[in-house]
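Student: The primary structure of each chain is shown beneath.
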Amino acid sequence: METIKNYFFSDMGVMLGRSMRHIFRSLDTIITVTIMPIAMMLLFVYVLGGAIQTGTSNYVDYLLPGILLIAIANSVGYTSYRLFTDVQRGIFERFNSMPIARSAALWGHVLTSLVSNAISLVVIILVALLMGFRSPAGILSWLAVAGILALFSLTLTWIAAIAGLSAKSVDGAGVIAYPIHFLPLISSAFVPTRTMPSGVRAFAEYQPVTPIVETIRALLSNQPVGNEIWIALAWCVGISCIAYIFAMRVYKKRG
Amino acid sequence: MQNNSIQVKGLQKSYKQLNVLKGVDFEVEKGSIFALLGSNGSGKTTIVKILTTLLKQDSGTAVVNGLDVLAKPANVRQSISLTGQFAAVDEILTGRENLIMIARLRHLSNPRQVADDLLNRFGLTDAAHRRASTYSGGMRRRLDIAMSLAGRSPIIFLDEPTTGLDPEARIEVWKMVRELATNGTTVFLTTQYLDEAEQLADQIAILHEGRIIVSGTLADLKKLFPPAQVEYIEKQPTLEDIFLAIIGKKEKN
Ligand SMILES: Nc1ncnc2c1ncn2[C@@H]1O[C@H](COP(=O)(O)OP(=O)(O)O)[C@@H](O)[C@H]1O
Ligand SMILES: [Mg+2]
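Here the protein sequences come in this chain order: S and P. In case it helps, our numbering puts the first sequence at residues 2 to 256. In case it helps, our numbering puts the second sequence at residues 3 to 255.
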C-alpha cells in the first residue's frame with residue numbers, strides 16, 4: 002500500500018497529461034469553451050451593449066464575470082463526456098486492475114477540468130483587456146476571484162462526474178450541460194436583475210450564479226463584497242460536497 | 003513457493019436475481035496457459051473480473067500469486083495484467099503514447115524505451131505515431147495486449163483475446179500467447195472457441211451453468227470421451243465433440 006500512496010501524485014500527473022492531450026486535440030472543445038464565450042462577449046459589447054443600461058461606464062467590465070462563468074459552464078459537458086468514454090471503453094477498468102491508487106483516474110479528470118478552465122479563462126481575460134476591460138483590483142482581490150472561479154469549476158466538475166459516470170449513453174452524459182448553461186443566462190450576468198419580470202427576477206436573485214457574479218464583479222471593481230461572497234461560497238461548498246459524495250459513490254460502484 | 007498461480011474455491015456470484023457462478027473451483031499452474039472455455043454469458047468475464055479485483059465475489063475464495071483477492075487487492079494488482087474483453091485503448095492518443103502512459107503508470111524507469119520495444123515486438127512501429135482510432139481491429143487488439151505486457155507481470159489475463167478478429171490476426175495473437183508462456187508468464191485466457199483452447203492451452207476448464215464441469219489437460223479431456231468411434235474413417239475426437247458429449251450427458255441427467 003505504501004508504494005501506491007507514494008505514487009498518487011505522479012499517477013495523477015500522467016492522467017492529467019493524458020486528458021489535456023484530449024482537450025488540445027479536440028477543436029470542438031476549444032471552440033465551445035474558449036472561442037464561444039469570446040464571441041458572446043464581442044456580440045454583447047459591440048452589438049447589444051449600447052442598448053443595455055447597467056449603470057457602469059464600461060459594459061465589458063460589467064459583462065466579464067458572467068462570460069467567465071459561461072466558459073466554465075460550457076466545459077462541464079466535455080468533462081462528463083470524457084468520463085463516460087473512459088467507463089464505456091473499459092479504460093477505467095484497465096486502470097483499476099493496475100497498481101494505481103483507485104481515485105487517481107477520477108482526480109485526473111477533475112484536475113484536467115480545473116487546469117483547462119484556468120487556461121481558457123486567462124485567454125478570455127486577455128481578450129477582454131484588448132476590448133477595454135480595466136480593473137482597479139489589487140493582487141488579493143484577483144486571488145480571491147481566482148479562488149471563487151476554481152471553486153465554481155470544481156462544483157460543476159463534480160456534478161459533471163456524476164452524470165458522466167452514471168450515464169447509459171453519450172447523450173445522457175451530455176444532458177447535464179443544458180440546465181447548467183442556462184443558469185448564467187438567467188442571472189445578473191448580462192443585465193441587472195431589477196430589469197426582469199418578477200417571476201424570473203425571483204429565480205435570478207436566488208440561484209447560485211447571481212451571488213457568484215456579483216462577488217466577482219465587486220472584487221474586480223474594488224467595491225465592498227458584502228454578504229454576497231458568503232452566499233456564493235455557501236452555494237459552491239454545499240453543492241460541491243454533495244456532488245463529491247455522490248460522484249465517489251457512483252465511481253466506486255462502477256470501478 | 004506454491005506451484006499454483008491461481009487457486010479458486012467455491013466461487014459464487016449473483017447479479018441481483020441472476021445466479022451466474024454457483025461454486026467454481028479450479029487451479030492454474032505457474033507458467034502454464036490456462037483456457038477457461040464457455041459459451042457467451044456463461045460467466046467467464048465475471049470470473050476474470052473477480053480475479054483481477056474489479057468485482058467482489060459473494061462467497062468462496064480466490065488466491066492470485068499467493069494473495070487473496072479480497073484481503074490484498076492492491077498486492078494482487080502488482081502481480082497481474084488484464085486485457086479486457088473489449089480493447090481498452092485510448093483512441094485519441096497514438097499507439098506510442100498509449101504505451102508510454104501505461105509504462106509511466108507502472109513506474110518503469112524508461113517508459114519511451116519500453117514503448118518502442120513493445121511497438122517493435124508487436125509490429126506496430128510504422129503505426130506508432132498514428133492515433134489508435136485509425137487502427138484496424140487486429141492492430142487495436144495487438145496494442146491492447148502490448149499495453150498489458152509493459153511491466154512484465156507474472157500473470158496475464160486475456161478475456162476473449164481473439165473474438166472478432168480475422169483469422170490472420172487470430173494466429174498472430176496465438177503466437178504472442180505462446181511466446182509469453184515460454185518466457186515463464188502464466189496466461190489465463192477465456193475463449194468461446196474450442197479450437198483456440200485446443201491450440202493454446204496446457205490446461206482447459208469448461209464453465210457451464212455456473213460450474214466447472216470438467217477440467218484438465220487436453221489429453222485428460224480426450225480420455226473422458228468414449229473410445230474412438232468405429233466409423234468408415236477413424237476420427238480423433240476434437241474438443242468440440244467432447245464438449246458436446248459432456249453437455250449432452252449433463253442435460254440428460
Ligand atoms: N453488471 C451486471 N449486471 C447484471 N448482469 C450481468 C452483469 N454482468 C454480467 N451479467 C450477466 O451475467 C452473465 C454472465 O456474464 P459474463 O460473465 O459477462 O459472461 P461471459 O463473459 O462468459 O460472456 C450474463 O448473463 C450477463 O448478462
Ligand atoms: Mg465475457
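No wet-lab data here; the hints were simulated from the structure. Just so you know, even glycine gets a beta-carbon here, dropped at the ideal spot from N, CA and C. Treat the hints with caution; some may be incorrect.
What the hints assert, rightly or not - The list that follows gives simulated cross-link-like pairs (lysine to aspartate or glutamate, EDC-like), each with its CA atoms no further than 20 Å apart:
no.: 1; chain 1: S; residue 1: Lys253; chain 2: P; residue 2: Glu99
no.: 2; chain 1: S; residue 1: Lys254; chain 2: P; residue 2: Asp60
no.: 3; chain 1: P; residue 1: Lys74; chain 2: P; residue 2: Asp119
no.: 4; chain 1: P; residue 1: Lys11; chain 2: P; residue 2: Glu29
no.: 5; chain 1: P; residue 1: Lys58; chain 2: P; residue 2: Asp70
no.: 6; chain 1: P; residue 1: Lys177; chain 2: P; residue 2: Glu211
Unchecked claim - Now the stretches of chain S that chain P is said to cover, found in silico as 3 or more residues with beta-carbon under 8 Å:
no.: 7; segment: 20 to 26
no.: 8; segment: 99 to 110
no.: 9; segment: 168 to 179
Stated by the list, open to error - Label-pair ranges, simulated between beta-carbon atoms:
no.: 10; chain 1: S; residue 1: Ser170; chain 2: P; residue 2: Arg123; range: 35 to 45 Å
no.: 11; chain 1: P; residue 1: Asn5; chain 2: S; residue 2: Cys242; range: 18 to 28 Å
no.: 12; chain 1: P; residue 1: Asp119; chain 2: S; residue 2: Met37; range: 41 to 51 Å
no.: 13; chain 1: P; residue 1: Ser61; chain 2: S; residue 2: Ser170; range: 32 to 42 Å
no.: 14; chain 1: S; residue 1: Ile243; chain 2: P; residue 2: Leu20; range: 50 to 60 Å
no.: 15; chain 1: P; residue 1: Gln115; chain 2: S; residue 2: Val238; range: 45 to 55 Å
no.: 16; chain 1: P; residue 1: Glu170; chain 2: S; residue 2: Leu28; range: 33 to 43 Å
no.: 17; chain 1: P; residue 1: Ser61; chain 2: S; residue 2: Leu28; range: 10 to 20 Å
no.: 18; chain 1: S; residue 1: Val238; chain 2: P; residue 2: Ser61; range: 38 to 48 Å
no.: 19; chain 1: S; residue 1: Met37; chain 2: P; residue 2: Leu20; range: 41 to 51 Å
Student: Against the range 50 to 60 Å, how does the distance between the Cβ atoms of Ile243 of chain S and Leu20 of chain P compare: consistent or not?
Tutor: Given a distance of about 33 Å, which is not inside 50 to 60 Å, the answer is violated.
Student: Starting from the range 41 to 51 Å, see whether the pair Met37 of chain S and Leu20 of chain P falls in it by beta-carbon distance.
Tutor: holds, 46 Å
Student: Look at the Cβ atoms of Asn5 of chain P and Cys242 of chain S and judge whether their distance stays inside 18 to 28 Å.
Tutor: violated, 51 Å
Student: Take a look at whether the Cβ-Cβ distance between Ser61 of chain P and Leu28 of chain S falls inside 10 to 20 Å.
Tutor: Hint violated: Cβ distance 51 Å, outside 10 to 20 Å.
Student: Could you grab the alpha-carbon distance between Lys74 of chain P and Asp119 of chain P and see if it respects the 20 Å cut-off?
Tutor: At roughly 32 Å apart (the allowed maximum being 20 Å), Asp119 of chain P and Lys74 of chain P break the hint.
Student: Does Asp70 of chain P lie within 20 Å of Lys58 of chain P when you go C-alpha to C-alpha?
Tutor: Cα-Cα ~11 Å, so holds.
Student: Could you see if the CB distance from Glu170 of chain P to Leu28 of chain S stays within 33 to 43 Å?
Tutor: holds, 36 Å
Student: Cβ-Cβ distance between Ser61 of chain P and Ser170 of chain S: within 32 to 42 Å?
Tutor: For Ser170 of chain S against Ser61 of chain P, whose Cβ atoms are near 34 Å apart, the range 32 to 42 Å holds.
Student: Would the pair Lys254 of chain S and Asp60 of chain P pass a check requiring their Cα atoms to be no farther apart than 20 Å?
Tutor: holds, 15 Å
Student: Take the C-beta atom of Val238 of chain S and the C-beta atom of Ser61 of chain P, compute their distance, and say whether it sits inside 38 to 48 Å.
Tutor: holds, 42 Å
Student: Against the 20 Å threshold, does the CA-CA distance of Lys177 of chain P and Glu211 of chain P hold or violate the hint?
Tutor: Violated, because 31 Å separates the two Cα atoms, which is more than 20 Å.
Student: Given the hinted pair Lys253 of chain S and Glu99 of chain P, is their Cα-Cα distance within 20 Å?
Tutor: At roughly 27 Å apart (the allowed maximum being 20 Å), Glu99 of chain P and Lys253 of chain S break the hint.
When each numbered hint is compared with the structure, violations occur for hints 1, 3, 6, 9, 11, 14, 17.
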